[in-house]
Amino acid sequence: MSRRGRRGLADALPFLLPNLLGFLLFTAGPVLFSLGAAFTNANLMRSVPLQFTGLENFRMLFSDREFHLYFLNTLYFLIGMPVAIAGSLALAVLLSREIRGVVVYRTLFYLPSFTSGVALMILWKQLYNPDFGPINAAIHWVSATLRLGMDAPDWLLSTRNLLGIEVEKVALSARQYGLGARDAIVIMGVWTAVGGNNLLLYLAALMNVPTELQEAAALDGAKPGQVFRHVTWPQLAPTTFFIVVMSTIGGLQGGFEQARVMTAGGPSGTTTTLSYYIYTKAFEEFRIGYASAVAWVLFAVIFALTLVNWKFGNREVAE
Amino acid sequence: MRTFFGLALLALLALGGVAARLRPRPADPRTVPLVWASDDNPARRDQIDLYNRRHPGQTLSLDPNNTGLEKVVVQSIAGVGPDCFDAGEGSLSVLIAAGIVEDITDDLARRGIVIERDTWPAVQSIVLRDGRAYGVPTNAAADAIFINKAMFREAGEPFPKTPWNWNELVSLAKRLTVRGPDGKAKRFGLLVDWNSWPGFVIQWGGEVFTPDGTRCVVDSPEAIAGVQFLHDLIYVHRVMPSPVEEAAIAASGGWGSGVITQFGGGRKAAMAFGGRWWLCTLRDRTQFPGLELTAVEAPTHAGRVFHGYGKGTFVNARSPRKEAALDLLAYMMGTEYGQLINDQADGLAPTRAVCYAPGYDRNPKFPEEDYNAVWRATLERSVPNKMSPYVNSQAANRILTRQMDLVKNDQKPVAQALRDAAREVNAEIAATLERNPALKAKWLAVRRAADAKAGAR
Amino acid sequence: MKLRNVLVVALLVLLALSTLAPFLWMVLASLKPLAEVEELNPLPTVWRPGNYPQVFRQVPFATYYFNSVYVAAWVTFLTCLTSAAAGFAFSRLRWPGRDRVFQLYLATMMIPGVVTMIPNYTLMVKLQLLDSHAGLILPAAFGAFGTFLMRQFMISLPSALDEAAEIDGASPAQVFWDIILPLAKPGLLTLAIFTFMGNYGSFFWPLVMIKSQHLRTLPVGMLYFDTIYGRQTNLLMAASVMNVVPLIVLFVAGQRFLVKGIQLGAVKG
Chain A
1 MSRRGRRGLA
11 DALPFLLPNL
21 LGFLLFTAGP
31 VLFSLGAAFT
41 NANLMRSVPL
51 QFTGLENFRM
61 LFSDREFHLY
71 FLNTLYFLIG
81 MPVAIAGSLA
91 LAVLLSREIR
101 GVVVYRTLFY
111 LPSFTSGVAL
121 MILWKQLYNP
131 DFGPINAAIH
141 WVSATLRLGM
151 DAPDWLLSTR
161 NLLGIEVEKV
171 ALSARQYGLG
181 ARDAIVIMGV
191 WTAVGGNNLL
201 LYLAALMNVP
211 TELQEAAALD
221 GAKPGQVFRH
231 VTWPQLAPTT
241 FFIVVMSTIG
251 GLQGGFEQAR
261 VMTAGGPSGT
271 TTTLSYYIYT
281 KAFEEFRIGY
291 ASAVAWVLFA
301 VIFALTLVNW
311 KFGNREVAE
Chain B
1 MRTFFGLALL
11 ALLALGGVAA
21 RLRPRPADPR
31 TVPLVWASDD
41 NPARRDQIDL
51 YNRRHPGQTL
61 SLDPNNTGLE
71 KVVVQSIAGV
81 GPDCFDAGEG
91 SLSVLIAAGI
101 VEDITDDLAR
111 RGIVIERDTW
121 PAVQSIVLRD
131 GRAYGVPTNA
141 AADAIFINKA
151 MFREAGEPFP
161 KTPWNWNELV
171 SLAKRLTVRG
181 PDGKAKRFGL
191 LVDWNSWPGF
201 VIQWGGEVFT
211 PDGTRCVVDS
221 PEAIAGVQFL
231 HDLIYVHRVM
241 PSPVEEAAIA
251 ASGGWGSGVI
261 TQFGGGRKAA
271 MAFGGRWWLC
281 TLRDRTQFPG
291 LELTAVEAPT
301 HAGRVFHGYG
311 KGTFVNARSP
321 RKEAALDLLA
331 YMMGTEYGQL
341 INDQADGLAP
351 TRAVCYAPGY
361 DRNPKFPEED
371 YNAVWRATLE
381 RSVPNKMSPY
391 VNSQAANRIL
401 TRQMDLVKND
411 QKPVAQALRD
421 AAREVNAEIA
431 ATLERNPALK
441 AKWLAVRRAA
451 DAKAGAR
Chain C
1 MKLRNVLVVA
11 LLVLLALSTL
21 APFLWMVLAS
31 LKPLAEVEEL
41 NPLPTVWRPG
51 NYPQVFRQVP
61 FATYYFNSVY
71 VAAWVTFLTC
81 LTSAAAGFAF
91 SRLRWPGRDR
101 VFQLYLATMM
111 IPGVVTMIPN
121 YTLMVKLQLL
131 DSHAGLILPA
141 AFGAFGTFLM
151 RQFMISLPSA
161 LDEAAEIDGA
171 SPAQVFWDII
181 LPLAKPGLLT
191 LAIFTFMGNY
201 GSFFWPLVMI
211 KSQHLRTLPV
221 GMLYFDTIYG
231 RQTNLLMAAS
241 VMNVVPLIVL
251 FVAGQRFLVK
261 GIQLGAVKG
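Residue numbers (my numbering), protein chains in the order written: chain A, 1 to 319; chain B, 1 to 457; chain C, 1 to 269.
Treat the hints with care, as some may be off.
To be verified - Calculated lysine-lysine pairs in the DSBU-like style (CA-CA distance at most 35 angstroms, straight line): (1) A:Lys223 - C:Lys2; (2) B:Lys440 - A:Lys169; (3) A:Lys169 - B:Lys322; (4) B:Lys412 - A:Lys169; (5) B:Lys322 - C:Lys126.
As the list claims (entries may be wrong) - Away from chain C, derived, C-beta distances all over 12 angstroms, residues of chain A: (6) Ile85; (7) Asp151; (8) Trp296; (9) Ala300.
Hint data in this document are derived by calculation from the structure and do not stem from the laboratory. Computed from a predicted model, the values in this text were never measured in an experiment. Built from N, CA and C at the ideal position, the CB exists for glycine as well.
Bound conformation, chain A alone (with noise of 0.2 angstroms):
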């Protein structure tokens, strides 16, 4: 090591170690175990006999029609990371102007992130109800008005979804076209999004643009539209980057509270995405091994995702 680079990573390290050392400890410890857990027939049952069975859980979970499904399901919750994303920069923009009751509006927007679990669970059944619920009553009013009569769908208790996928092979059938569970949960994925954390990176990042930059633009005859794309959009990419970057990991991993908590899964499986069936292989049928294996094909597919992400977006934007 150079002088200059001992020096630096003196200078580093008591900044570095705190967080590090716990991170090493409480994360990276337990990650690198589920790895080796991975490659054996681990179980929490002391009658199956540990053994190191190398890279038979993967042929089995490839082989596994329960695995293709549930990734399915997986990727399919990841349709709405779009919409969020953009729905949040855009409430930013409009929330940075001079407008009275900024407070009131942010925490309004910022109360679906507030109330989780069995609650929103409860209201959120409350509101998909079929027959009187206040989505399909407004579905019904808008039908009747413009005289579509369209029929509501049956959300929540329904098979049926956008993409028209089989419930019980990885297949699309028109059969099963329509709105469902997955898309009730997906509409209550944006709905909790767009005001949430998103919201808020997205206005800490705005306030950190340099107005003067946008001034200078509109003074050389750009129209707002323009600054925004030249100006504000580059200067918004680290946030961006990251709000991707997460949403990406972070829809991939989820799914894990509703199922467990609001459909239990179902209905036949349909809203059970990875991280729900690693919890059952876990937890309820006890078989680790399995349940790493599963985990880590997971991360391969966030990883790749990721590195996708970081050729595209990593930029230091410092000046």
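Assemble the complex: chain A is given as a structure, and chains B and C must be docked to it using the hints.
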């Protein structure tokens, strides 16, 4: 910024002082602290208080666990689990395989307890394996037909005479189902929680697993007929709500606890197929004002047999306080606890004798509950829905529930759904055996003996 | 111009109503008797404000409240402090292996948290931190998320600031505390809010870790109202409303500070 963080730290440390004050005075060090993992509800509190009064040398406390075995298994394997915990039918194989429970038959016998002699037959399989006991049943339950008296009066219907069969119930339910001009039901004749489907399989003469547990036979013609009837209640006779209609009655959907509140609060059904433990909730007159109930024995189809179920309480094999834990189990097999269970209507007491004591038929606090004999009579004729010891019960249940969902939503014919279910469960059994050689050896031995017996006949 | 503003306000009001409405339902449901919760009329016919004290009677709600706030506050404090410091190290300082280690941080965020629970639990047992506040605080306080967030925020600050300070003879510590950290306040505050919210509602970990009644947090405590005997939805809603109130207070107060922090903050560039 330094001052800010510094002040924050001071504030947190001050709060830490408050936290220390909140710590309860350590229980009298002379008493043995006992932890029982069970679901938290008002009845449980009374049961614990009574135990502590009877056992001054111990302090029993509750570790709330409504959610299933995960917490108990994880804790116990790490060596820090509760001293006692509750689990339902089918959990025993998992518990034995994890090494969390052990054979306590002799310990119980020393205290004068013999499971086969003292408890309801329907709940013995929860705690017995190969004739050895690993715990004691906590309570017992069987389903009968709850009747909303006000609705029957309105409709001018007399209460049904038992014994009766399901076809008679269907006719009655049809008369009680009222539909509006738009075809939407204003009142249904019957509510059934779909988790009770094994009851229908049993009543039609089928079973989910063979008695020795080696195979899943939910695709037998009898089982298919039973589930078909349940399906037809919704889609052919239309006396029971479909999942969508159920959601229209009450927004909490169909996953279990909803049915009780729907029946009591929704006022949308005249009858419901449920157990005595529903009364724990339905008795609350502040929540359900004006509810008048009675119950009659459930109808039958092929012989007067019913499905009995319940929970068991087990001793943690790794607990350092086993003697005290066994005291708790002995308490549950005793008269006082049994009477408490009967009074609270937390199902029925696990011990048969207590249910024949005078205090059971009439509870002075709830004189309108004059139908307690019905539950007892039903339990006399109940058999359990035994889970196979060769498969993880939760894996099997997941498969079965998934197919039942499809049947419930009318998305798959009953026969096909049950055949797929049987196939998948048997595949799961095979996979489990592959992973566990000792279990496989046992399974082969049992099958060989069964085949030999079949061949010899 | 005027019309544009009016449209914007109208849109915001509409959206705000859509997020407020479910919360209103929750509050109204908490004032109903149980039989009416399932009714589709949002307003109670019989008002039951007594549901709120009832919650306190049935469970030691105040203790649960304290535990949730206390644990979340510690986690937030530790996360903000250590993540800001580590973020500083990753963004403003150069040292060998910096980017490699950062990628390790990122990588661990991509593992579904569920699988790390068992090894984490065993670790807690070995450290004898089971059934304690520390056991709830420590595993949650050192995640990679905070460091990632702070690094991203600090990266966008101009490097001319550091260089100017170094020329003036400032040590890295002074650069951190007196220059970078104040500028990163919006990010820090955002992290604080995220962390507090996230930890406050955490359910599964406290469920498995805590056995004693006096250490239970709110989400676990609310299980009491949701058993197979029937979900006492109205009491659950009352508990949830009370659960949410400190979060709202924190959020509103935090926003004022956020704005003030920007106004008092350094000049950019």
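Check your understanding: Hint numbers the structure violates, sorted upward?
Key -> 3, 8 and 9
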